[in-house]
Amino acid sequence: MKHLKILVYSIILICLTYSKGMASSFPLEDKWLIYEKQVSGFVPYFPSEHPFVKNFYLLLDIQYLGGLGVEVVLTNGDAVFLNNQLKEVAKKDDDTVYFSYERLKQEAKNTGEILLVVNTTDGKCPLGFMVEQHYGAIQLKDSVSKKEEVTLLQRSDSNFRSYLLMWSLVVFFIVGIVSKIGGLKTAGGELLKSFEGVTLGRSEMNKVNSLQFLMFILSFALVASLTVMLFGAGNLWLSRATSEVMNSTISSFLLNIFYIIVSILAFVAFRLIVIYVLGGVFGNSQISSIHGVEFYKLTWVYVLFYMVLCVFWTLNPFYISWEFMRYFLGITFFLKSFLVYIAVSKQVNLRNNYLFSYFCATEFLPSLVAVKVFFS
2 MKHLKILVYS IILICLTYSK GMASSFPLED KWLIYEKQVS GFVPYFPSEH PFVKNFYLLL
62 DIQYLGGLGV EVVLTNGDAV FLNNQLKEVA KKDDDTVYFS YERLKQEAKN TGEILLVVNT
122 TDGKCPLGFM VEQHYGAIQL KDSVSKKEEV TLLQRSDSNF RSYLLMWSLV VFFIVGIVSK
182 IGGLKTAGGE LLKSFEGVTL GRSEMNKVNS LQFLMFILSF ALVASLTVML FGAGNLWLSR
242 ATSEVMNSTI SSFLLNIFYI IVSILAFVAF RLIVIYVLGG VFGNSQISSI HGVEFYKLTW
302 VYVLFYMVLC VFWTLNPFYI SWEFMRYFLG ITFFLKSFLV YIAVSKQVNL RNNYLFSYFC
362 ATEFLPSLVA VKVFFS
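Residue numbers (the numbering used here): 2 to 377.
Careful: at least some of the hints might be erroneous.
[Said to hold, decoys possible] Simulated pairs of lysine to aspartate or glutamate, EDC-like, Cα-Cα distance not exceeding 16 Å: (1) Lys194 - Glu205; (2) Lys88 - Glu108; (3) Lys32 - Asp62; (4) Lys55 - Glu37; (5) Lys208 - Glu197; (6) Lys92 - Asp123; (7) Lys32 - Glu114; (8) Lys125 - Asp31; (9) Lys125 - Glu50; (10) Lys125 - Asp94; (11) Lys125 - Glu30; (12) Lys125 - Asp96.
[Claimed, not checked] Each pair of labels, with its calculated beta carbon distance range: (13) Gln86 - Asp62: 13 to 21 Å; (14) Val44 - Ser244: 33 to 41 Å; (15) Ser244 - Met206: 36 to 44 Å; (16) Leu215 - Arg104: 40 to 48 Å.
Quick caveat, the hints were computed from the structure, so don't treat them as lab data. Even for Gly, the Cβ is constructed at its ideal location relative to N, Cα and C.
Make the full structure from the sequences, and use the hints.
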């Protein structure tokens, strides 16, 4: 285990060294369409066959973007329309217009598609890219000479990204200290024993002491706050707490982190209350204690897994689909609830319909609400 920790720290340092270096960009030069009068429809644009074109059309499916935005390099006087609405007119050569993924998703909420139109003044095809953030004409033009389907651009830092990177490292080290204080298991063999209730239907651990419980809750809240700040995009108050505009200063970022941590603690407290209240309602003295222990063991494994995943996400210099990560986190979150259900069902003498009803109220429904509020 000592060697594993050294390896993890080494990988983090390597990623930290290069995380600010490069970021991915996907050219859209072969995606532009033009309107051909002869066929009364749209056809792909070919420079040799279409020497001068007034309007260029780009039709994108929101699922195809994979969490990336779109940036287009313009010349003086070019006009950009998004779903038939004028969005910007270039005031100089090499001006750029950038549409973030969230903005494109909002525009595509009815049809799921985005129609981007560039009305040109020189008849030349504009440069378009799928990018993770706004770069500017110089970096985008430099990447064209590489003639690659995926190009690497110098990553320009934003305050929000720097704060997220800082918070991920802070969470990583705090959880390490907290787990040491509380005696929370981090060794590979001990973590595998957490699944004994699922595989064997028995467990050596039958209770959790107060210090372990408090350190676990603290770690859970910290890692969950990092996960939400990275991948949360709820349509409620969370959309403001996780937006770059609302995290432009360190004070606003920490305030939003505080709000999210308080919300997570309230959510966990409510779940624990429901677990013990329903245990009494169903008249089984064991179900609440066994459920509490299995919830702690399996959730602790997920806390460590999510923490490492989020830290590497902030340090990783290359592109991984943001949407894929959100779906992955949501699915694994539900999977954990089913693992807890299986572990408890093997250790509690309770009719299946009663047990399933109990878990619908204590695990499945709260998990659905959490995904809806924090990731929808």
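| field | Hint numbers not upheld by this structure, sorted from lowest to highest | value | When the structure is compared with the hints, none of them turns out to be violated.
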